[in-house]
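Visitor: All chains should be built: construct the whole structure from the sequences, respecting the hints.
Number of protein chains: 2
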Amino acid sequence: MISYETSQNMISLLSMGNIRSERIFLSSALGRVLAEDIVADEDYPTHPTSAMDGYAILHSDLEALDSLEIQGDNPAGAEKIADVTSGICIKTFTGSLMPGGSDTLIPIENVRVDGDRIIITKPVPYGFATRPVGESYRCSEVLISKGTKLGFAEIGVLAGINRVMIRVVQRPRVGIIATGSEILDIGESASHAGQIRSSNSYTLQALVDSLGGESVQMGIVGDNKSAIMERFEEAMHSCDIIVSTGGVSVGDYDFVKHIVPALGAEVIFKGVNIKPGQHVMVAQRREKFIVSLPGFAYSSTVTFILYAAPLLARMMGRENPYEPIEATLKVPFSKRSNKSEFTACNLCFEDGRYWVDFEGKKTGSSAILTNLLGNAGLMICGEEDGDLEAGTLVRVIKL
Amino acid sequence: MISYETSQNMISLLSMGNIRSERIFLSSALGRVLAEDIVADEDYPTHPTSAMDGYAILHSDLEALDSLEIQGDNPAGAEKIADVTSGICIKTFTGSLMPGGSDTLIPIENVRVDGDRIIITKPVPYGFATRPVGESYRCSEVLISKGTKLGFAEIGVLAGINRVMIRVVQRPRVGIIATGSEILDIGESASHAGQIRSSNSYTLQALVDSLGGESVQMGIVGDNKSAIMERFEEAMHSCDIIVSTGGVSVGDYDFVKHIVPALGAEVIFKGVNIKPGQHVMVAQRREKFIVSLPGFAYSSTVTFILYAAPLLARMMGRENPYEPIEATLKVPFSKRSNKSEFTACNLCFEDGRYWVDFEGKKTGSSAILTNLLGNAGLMICGEEDGDLEAGTLVRVIKL
Numbered sequence: 016m017i018s019y020e021t022s023q024n025m026i027s028l029l030s031m032g033n034i035r036s037e038r039i040f041l042s043s044a045l046g047r048v049l050a051e052d053i054v055a056d057e058d059y060p061t062h063p064t065s066a067m068d069g070y071a072i073l074h075s076d077l078e079a080l081d082s083l084e085i086q087g088d089n090p091a092g093a094e095k096i097a098d099v100t101s102g103i104c105i106k107t108f109t110g111s112l113m114p115g116g117s118d119t120l121i122p123i124e125n126v127r128v129d130g131d132r133i134i135i136t137k138p139v140p141y142g143f144a145t146r147p148v149g150e151s152y153r154c155s156e157v158l159i160s161k162g163t164k165l166g167f168a169e170i171g172v173l174a175g176i177n178r179v180m181i182r183v184v185q186r187p188r189v190g191i192i193a194t195g196s197e198i199l200d201i202g203e204s205a206s207h208a209g210q211i212r213s214s215n216s217y218t219l220q221a222l223v224d225s226l227g228g229e230s231v232q233m234g235i236v237g238d239n240k241s242a243i244m245e246r247f248e249e250a251m252h253s254c255d256i257i258v259s260t261g262g263v264s265v266g267d268y269d270f271v272k273h274i275v276p277a278l279g280a281e282v283i284f285k286g287v288n289i290k291p292g293q294h295v296m297v298a299q300r301r302e303k304f305i306v307s308l309p310g311f312a313y314s315s316t317v318t319f320i321l322y323a324a325p326l327l328a329r330m331m332g333r334e335n336p337y338e339p340i341e342a343t344l345k346v347p348f349s350k351r352s353n354k355s356e357f358t359a360c361n362l363c364f365e366d367g368r369y370w371v372d373f374e375g376k377k378t379g380s381s382a383i384l385t386n387l388l389g390n391a392g393l394m395i396c397g398e399e400d401g402d403l404e405a406g407t408l409v410r411v412i413k414l
Numbered sequence: 016m017i018s019y020e021t022s023q024n025m026i027s028l029l030s031m032g033n034i035r036s037e038r039i040f041l042s043s044a045l046g047r048v049l050a051e052d053i054v055a056d057e058d059y060p061t062h063p064t065s066a067m068d069g070y071a072i073l074h075s076d077l078e079a080l081d082s083l084e085i086q087g088d089n090p091a092g093a094e095k096i097a098d099v100t101s102g103i104c105i106k107t108f109t110g111s112l113m114p115g116g117s118d119t120l121i122p123i124e125n126v127r128v129d130g131d132r133i134i135i136t137k138p139v140p141y142g143f144a145t146r147p148v149g150e151s152y153r154c155s156e157v158l159i160s161k162g163t164k165l166g167f168a169e170i171g172v173l174a175g176i177n178r179v180m181i182r183v184v185q186r187p188r189v190g191i192i193a194t195g196s197e198i199l200d201i202g203e204s205a206s207h208a209g210q211i212r213s214s215n216s217y218t219l220q221a222l223v224d225s226l227g228g229e230s231v232q233m234g235i236v237g238d239n240k241s242a243i244m245e246r247f248e249e250a251m252h253s254c255d256i257i258v259s260t261g262g263v264s265v266g267d268y269d270f271v272k273h274i275v276p277a278l279g280a281e282v283i284f285k286g287v288n289i290k291p292g293q294h295v296m297v298a299q300r301r302e303k304f305i306v307s308l309p310g311f312a313y314s315s316t317v318t319f320i321l322y323a324a325p326l327l328a329r330m331m332g333r334e335n336p337y338e339p340i341e342a343t344l345k346v347p348f349s350k351r352s353n354k355s356e357f358t359a360c361n362l363c364f365e366d367g368r369y370w371v372d373f374e375g376k377k378t379g380s381s382a383i384l385t386n387l388l389g390n391a392g393l394m395i396c397g398e399e400d401g402d403l404e405a406g407t408l409v410r411v412i413k414l
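So the sequences go chain by chain: A and B. Our numbering puts the first residue of the first sequence at 16, with every later residue one more than the last. Our numbering puts the first residue of the second sequence at 16, with every later residue one more than the last.
It is possible that part of the hints are untrue.
One copy or two, it doesn't matter: identical chains are merged, so the pair holds either way.
[Stated by the list, open to error] Listed below are the simulated DSSO-like cross-link pairs for lysine-lysine, each with C-alpha atoms no more than 30 Å apart in a straight line:
| id | residue 1 | residue 2 |
| --- | --- | --- |
| 1 | Lys350 | Lys272 |
| 2 | Lys240 | Lys95 |
| 3 | Lys164 | Lys377 |
| 4 | Lys354 | Lys413 |
| 5 | Lys137 | Lys164 |
Keep in mind the hints are simulated off the structure, nothing from the lab.
Guide: As structure tokens, this is what we get:
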């Protein structure tokens, strides 16, 4: 068995195909990954613009003259605006273009109006409340780089430069196959006690969707070699990544581990010295990847996060979304094996640091999915680690 | 003007209506807020279950006998399983029910098979690799509490208990109205230089959607009293929160501040001693809220985060999603006013702490939306704060 560190290096060294892109409407772009650099095609603002409500003036008049004549007003959005010359001011509002000739805005609060004239009660520096050309950005500036995940600010900036259609990375299709004769699908009636309700497929679908992939539910297939083989082939036609659960351990009915190589896929690794999920297998057939996870709910979720999530991210030109962060143990921790262990924990941020404890977490088999509910994290203990004292700095994957 | 702290208290004291719920399919539940407690209706597992591949045995046989007779096998999902009695073992796989009479699973790796018998090479403790009844949870245990935002683990747990339909909180409808005669919508052709491309509506739509609300684009309305009034009334028919931009400052065409009270809404506050966005106004008409934001892109985004986001969250029975966290200033910071300031910053997590700097951030007016791109945060400086030295602990809103 290879170590966790080696397995992660192997994942990061896998060569991905070219990133595929598509053009979508801005209305669907939230959360998508940008496939082009967004470059400004003009200075913004394009003209000097007022940043407050007040009077556009020539700054040199401030010292030279006692009062200025108001010559009309200039509401935001006005098409034609008179010029400002010495002795003249034009009432100008937030968002209005500055009138030609003016260089400074004296706010309403800084003047007293006397008939059609203003008397300045509190002067301002040259250029006050005047947004210069290019204050926000300059023509040819890269506003948003390729590979950025589009959040609210990116959406706003794209709207502001009138980008209706955006080139984004296609969502990789991830086929999900649950194997096991004991698995009963949601909504189905149980016929006997030996059946287990499926949760893996839906946990993994939610993970795929929240990571920006497009999940394809390939359904449940019993422990039958030819049926499993067919389902995998079907998934390979339309999916970029196939994620399966079950069938990778040492039992007589664990067929997946034999079928994946039989499909002509090259096994990158099979078996990692981790707990849970030591039987995990990653394979590649041309540009497609197969990630075969163990069947227990906690094991399959953890190994998806460790192996499928970074593959999915790399396929979109993104960093691993589950890079560990540093946190402090609130309580002592007893390590249970000589493997790299991934232990469900509570993760909270207090006093400027992340803290880890295990309150309410159950110890037991790798089947306990409920341990991942709430603000959970996965605490990482290395192979060489022994028991850890309270106060130890640990690495945690924030979920 | 009230202080930022007072305004936040006022928001947190507003009485919300009852939380409205709806039943949805599990397939749409990711990211939604649970409106019921999810309670286990049985112990899980319901029967003792094997956690490994091996042989189900009576633990008392381990010391008493040299070898055990293999009496058939027990694949996962099997309907009928023979009982284990003294001297007998049954081959049993991960996920299989433990045969009646057995109490321990001896793994494949711990035995040598000799014909139809196994010889134990490495004993295990009583109950080994056997998931006891209720290992994951007990009947009547609350698995997921009302108010929880459903993530991948919650989805998996719901599938595992066969919940197809889930009661969740209805998404509050948030109507978005942009006011200003200068505003040009995305896709429209500009006819003169005084027009400004709309970005606010789309920034706010993305914020509403990512916070779990349902955005309703009410469009742009020029600086015309009756037109604005009609648009607000229209929005009030179908929306729970109306968010508007522009028209709240001291200019002659700032009509929104007059119209909101004229609609019969009670003004909770108008004007907060903050920068940006000091003219922000929050009002209430029966169970509906109006949050009138300034028109500049940076101001409207920041004030949405400060005032509309916590209202939206409270309407769903959730905590404010933008609670500040502690971070450390990497560089000195010059405060520019005697207001509470919200300054766009870079926020990164290194060496167990969050750090703040301002590299690449532009100073200038409150129109610079590009300052919120990337891994941005909003650094909070209090009214009383002066200039801050590098190393100071500051509060930051993580975006």
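Visitor: Would you mind marking each hint as holding or not holding in the structure?
Guide: Right, here's what the structure says about each hint:
For the identical chains of this complex, lysine 350 and lysine 272 are intra-copy neighbours only, at 29 Å inside a copy versus 62 Å across copies, given an alpha-carbon limit of 30 Å. Taking CA atoms no more than 30 Å apart as the test, lysine 240 paired with lysine 95 passes between copies only; the shortest distance there is 22 Å, against 78 Å inside one copy. Proximity of lysine 164 to lysine 377 under the C-alpha cut-off of 30 Å is restricted to the inter-copy arrangement: shortest distance 22 Å between copies versus 36 Å within a copy. In the homo-oligomer, the alpha carbons of lysine 354 and lysine 413 lie at most 30 Å apart inside one protomer (21 Å), although the nearest pairing across protomers, at 35 Å, exceeds that limit.
Proximity of lysine 137 to lysine 164 under the C-alpha cut-off of 30 Å is found in neither arrangement, the shortest distances being 46 Å within a copy and 53 Å between copies.
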